[in-house]
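Novice: Construct the entire structure; sequences and hints are all you get.
Next come the chains, spelled out residue by residue.
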Amino acid sequence: MRAAFAYMGNIYIPLRTFFKELGVELIVPPPPNNKTLKLGVQYAPETMCIPFKLTLGNIIIGFKMGADTILHTTGFWSCRFGYYGKLYAYIVKDLGYKFNHIDVSSSRLKEHYQLIKKLNKHSDHRAITSIIKAFSKAWYKSAIMEFMEKTSRETRPFEINKGETSKILTKYLTALDNTDSIKVMNKLKREFTNEIASIPKDLSRPILKIKIVGESFCVIEPFINFNLIQTLGEQGVLVDPCLTAHKWLAFHTIRNSKTEWKSIEKLADYYWKYNVGGEDKKSVGYTLLGAKQGFDGVIFLHPFGCMPSNAVQPVLHKISQEKNIPLLDVGLDEHTAETGFYNRIDAFISILSNRRKTYKK
Amino acid sequence: MSKIGIPRALYSYYHFPVWQKFFELLDCEIILSPPTTKNILSDGLKIATEEICLPVKTFLGHCAHLKNKCDYLLVPRIVCMFDDAQNLKYGCPKAMGLPDIVRACFNDSIHIIDFTIDERKIDKRNSYYKIGQIFTTDIKKIRRAYDNAITSKFSTSFAIRQWGNDAIPQPQKFCAVENRPFKSAIGLIGHPYLIYDAYISLSLIDLIERFNIKVITPSDIILQQTDQSINTSQKNSLLPNLSLEDNLENKSQLTQINCLSQHRRNKKNSISRLIDDIHWFYEQDIIMSTEYLLKTHQISGFIFAFSLSCGTSAVILEIIKKELLDCYRIPTLFLPFDEHTTSVGLTTRLESFIDLVQRAEFHTYTQIDNNFAQYSKEKILLH
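Heads up: the protein sequence lines correspond to chains S and F, in order.
Here my numbering is used: the first residue of the first sequence is 17, the next is one more, and so on.
Here my numbering is used: the first residue of the second sequence is 196, the next is one more, and so on.
These are calculated hints, taken from the structure and not from any lab test.
Glycine is no exception: its CB is placed at the ideal position from the N, C-alpha and C atoms.
Hints may contain errors.
As the list claims (entries may be wrong) - For lysine-lysine, the following DSS-like pairs were computed, each having C-alpha atoms within a straight-line distance of at most 27 Å: (1) F:Lys-517 / S:Lys-54; (2) S:Lys-334 / F:Lys-336; (3) S:Lys-80 / F:Lys-517; (4) S:Lys-217 / S:Lys-205; (5) S:Lys-36 / S:Lys-114; (6) F:Lys-264 / S:Lys-334; (7) F:Lys-516 / S:Lys-109; (8) F:Lys-241 / S:Lys-339; (9) S:Lys-289 / F:Lys-517; (10) F:Lys-325 / S:Lys-289.
Stated by the list, open to error - Sample of chain F residues with no beta-carbon within 12 Å of chain S, all distances over it, derived: (11) Arg-298; (12) Tyr-324; (13) Phe-349.
Specialist: Shown next as structure tokens:
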């Protein structure tokens, strides 16, 4: 079984290990580029949101690379995310591919188990060991990935030679992607920590702190947000995204850090009562948290036409006024150009640094 | 006596008769905002953020109009509701956050009744009781009001149309302008709060009727269907050789055709399969009526009217396209609406579409049926 899946940021690194252990080969297409976007825009419905278009492009490329299955999580709720799998199936079928469509959802655990059993020579013993192995290895890998990303986010603003941290990060992430053994992963983690510590740093530099909130795909996928986290870091800004690939995976599979997210949603209750999808309530909660923790500003990234984000926009603007925290609200779609996007970001950052000077006086 | 303001926008187009009766029985005065005007829409545009869909902007305009005229403003929040088959269906994200949006846009200067319907936790009856308790402590009275009110609805789709635009005088059997009988019929599919609101839809129904063409809308079908009790003998009236004129002249025949609920029970029909996949409450009508009109051969073309940034439409129209329109091959027009749509552009598109429809009417329905049979065979083979 060769499966195509919705590609998002570094999510493929743990997922590849996970599915390999279960006996599924995950087809990982090259990272999204303009060709992918063009493919997605061509076949997707016009007013659909950008995550769908981009992931559709990646799935079509996956089929060109020889996939025979679509793997997608569903959960029917108010957001359009629940219908992604269905629409992928319609569109790919129209393109003439033959495939199996597997909707991964918690209500179908029995079916999924039968499938895993089938892949593991119809043996319960093998299936269960493979599941345990898959979960533990993927979990370990994604935790190390999170550690590396977090460390590099925190060192980037202080580095003296620009771009050094990112270079080390990409080197170690590719090494992490290529290994499956926990021993090697531990070794990589140790080496990474040593190498990051040896980078020349200027810790006296004054830095801005910015929180990035918004829809998960726009925050996690570097192609659609023009590698915002890295670029901001190299400009001397400490970035704290509300979501990372690890957090997204951990929450949506084993409900990790449930209590933390619940407390954040509780914070948002006054302004936004129901969680409608698209990380809207979390955006509200993290904005409030950012104001509490003394962040300099908040950047709200969302796909253009995303229903929950559109609905939550007025509320975020109100919070920004009431709590006195600057907010930049950027809608992203296939027509967003890098220059225009960074113009806005640069203007926002210069405003923030001026604001900090006046506040200090 | 407290005054309750109800904006003439969004979900009022579905539930206004219920709300009116319920609050009147609780001795409240209802202040309904007027049909959308230029001022109301421009107020709404000023208040709302730019990316949100047109009906919500209109809703905010109506709220601004009612702001100083009433004690309470009724803002519905539709989270979850059971449909006819007892499946949980959700509202659209904007419907779920509407009170929060209104509160954020008006800086707490309005007293909002946050009317939440969430049937996962509380059933519909209790959510009405909860609202009733704001105005009276007499539980019996609230119960009586609820029992009387819950069954009321708009009598016909024309009543909704008149409600959305006061200027229309009477239901007409003939074309409004030329006093001639209608030549053919077109299905106009869309949310009632868009297609019946004469200002934001640029009186689309009027425009089409001027071409001597009858408009059939989702509410037409749903209101007629619920009036008509199911009669098994009438099932035979689903005959493809009935000419279109007959159908329109004899309105009774139009209503006799088998009922949606019967459609729904029949698992072989694709209508039930599609509906089970749709998890939005208000989108079911759209899919159901599209399928119904296609299967009963009443129309010679489809117009889908939707607001440009309406997220649900993007998915629903794609499903309709792939599942239904691809096999029936019927003339179709997709009309997105936003605040920049002008009537000139709209008329041009309508004119060319209606030319297309009149040509395509030569294409008989039997042919379409053959096409469908062939198509479904191919589809089965593909599986």
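Novice: None of the hints should be skipped; say for each whether it holds.
Specialist: Now the hints, each set against the structure:
no., hint, verdict
1, F:Lys-517 / S:Lys-54, "holds (21 Å)"
2, S:Lys-334 / F:Lys-336, "violated (39 Å)"
3, S:Lys-80 / F:Lys-517, "holds (22 Å)"
4, S:Lys-217 / S:Lys-205, "holds (20 Å)"
5, S:Lys-36 / S:Lys-114, "holds (22 Å)"
6, F:Lys-264 / S:Lys-334, "holds (24 Å)"
7, F:Lys-516 / S:Lys-109, "holds (14 Å)"
8, F:Lys-241 / S:Lys-339, "holds (23 Å)"
9, S:Lys-289 / F:Lys-517, "violated (36 Å)"
10, F:Lys-325 / S:Lys-289, "holds (17 Å)"
11, Arg-298, "violated (8 Å)"
12, Tyr-324, "holds (20 Å)"
13, Phe-349, "holds (26 Å)"
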